[in-house]
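Go by the hints and put chain B onto chain A.
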Amino acid sequence: AQSVTQPDIHITVSEGASLELRCNYSYGATPYLFWYVQSPGQGLQLLLKYFSGDTLVQGIKGFEAEFKRSQSSFNLRKPSVHWSDAAEYFCAVGSNDYKLSFGAGTTVTVRA
Amino acid sequence: GAVVSQHPSWVICKSGTSVKIECRSLDFQATTMFWYRQFPKQSLMLMATSNEGSKATYEQGVEKDKFLINHASLTLSTLTVTSAHPEDSSFYICSALSGGRAGELFFGEGSRLTVL
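Here the protein sequences line up with chains A and B, keeping their order.
Just so we're aligned: 39 in the working numbering is position 37 of the first sequence, and the numbers increase by one with no gaps anywhere.
Just so we're aligned: 51 in the working numbering is position 50 of the second sequence, and the numbers increase by one with no gaps anywhere.
Calculated from the structure, these hints are not laboratory results.
It is possible that some hints are incorrect.
Straight-line C-alpha distance at most 20 Å; calculated SDA-like pairs for lysine to any residue [claimed, not checked]:
1. Lys-101/A with Ser-10/B
2. Lys-42/B with Val-112/A
3. Lys-101/A with Gln-30/B
4. Lys-51/A with Gly-100/B
5. Lys-42/B with Thr-109/A
6. Lys-101/A with Thr-76/B
7. Lys-101/A with Pro-9/B
8. Lys-101/A with Phe-68/B
9. Lys-101/A with Leu-47/B
10. Lys-101/A with Ser-55/B
11. Lys-42/B with Val-110/A
12. Lys-51/A with Val-4/B
13. Lys-51/A with Leu-47/B
14. Lys-42/B with Ala-89/A
15. Lys-42/B with Ala-106/A
16. Lys-101/A with Lys-65/B
Here chain A stands alone, though its shape is the one from the complex (with noise of 0.2 Å):
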């Protein structure tokens, strides 16, 4: 079965500060590996994902993700944060069927 989990239930950052988004997933085979963000009462953005090949993958709105086999993790990064950035952020992991199974989320806020 796969599973995913998210360490950090709530994260604050201070604006311009460094972000990292901690996932750990479970899965028998290649995975295939999701950052999702969503923005209160809204439907879920794809911010990057990875099936294969280089392992740093670089998303949407300046975030990029690292898939550590060895680890069985797949954290989401950004150098600099910006107040928009507050929302909740889901990993989610699946396969070639899309069914993919989400993480508890993170909710990060952005202090000024």
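Below, chain B alone, put in the same frame as chain A:
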């Protein structure tokens, strides 16, 4: 980018009534759509996979007679919550798989159901 639209975005109904939620892919054809349920402050839980022209595949623990899914066309899937009860109150989100672009899953904006 591709757009997936859900309607209604917000609905309140009385206990015992049925509610239909639509999920439309606006600029691409989606042979496969997925329905998720999200409780407050929790993650999304996959309910079912909706395949155009065939029966939906439900995840374990999801009552197929309770949550009726119809994928009658390549751009529309519907979720009907039958005989709704307060415990069915939730945020329902659909996603659509774009066959033209590998790995492109697009999510709708969600539909919030409140059952009184």
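Outcome of the hint check:
1. Lys-101/A with Ser-10/B: The given pair, whose Cα atoms are some 23 Å apart, is violated under the 20 Å limit.
2. Lys-42/B with Val-112/A: Given pair Lys-42/B, Val-112/A holds - Cα atoms ~18 Å apart, limit 20 Å.
3. Lys-101/A with Gln-30/B: OK: Lys-101/A and Gln-30/B at ~18 Å, within 20 Å.
4. Lys-51/A with Gly-100/B: 16 Å, holds
5. Lys-42/B with Thr-109/A: Roughly 9 Å between the alpha carbons, so the hint for Lys-42/B and Thr-109/A holds.
6. Lys-101/A with Thr-76/B: Status holds; Cα separation ~19 Å.
7. Lys-101/A with Pro-9/B: 24 Å, violated
8. Lys-101/A with Phe-68/B: 18 Å, holds
9. Lys-101/A with Leu-47/B: 7 Å, holds
10. Lys-101/A with Ser-55/B: OK: Lys-101/A and Ser-55/B at ~17 Å, within 20 Å.
11. Lys-42/B with Val-110/A: Distance ~13 Å between Lys-42/B and Val-110/A Cα, so the pair holds.
12. Lys-51/A with Val-4/B: Cα-Cα ~18 Å, so holds.
13. Lys-51/A with Leu-47/B: 19 Å, holds
14. Lys-42/B with Ala-89/A: 12 Å, holds
15. Lys-42/B with Ala-106/A: 8 Å, holds
16. Lys-101/A with Lys-65/B: Measuring from Cα to Cα gives roughly 18 Å; hence the hint holds.
When held up to the earlier numbered hints, the structure conflicts with 1, 7 and fits the remainder.
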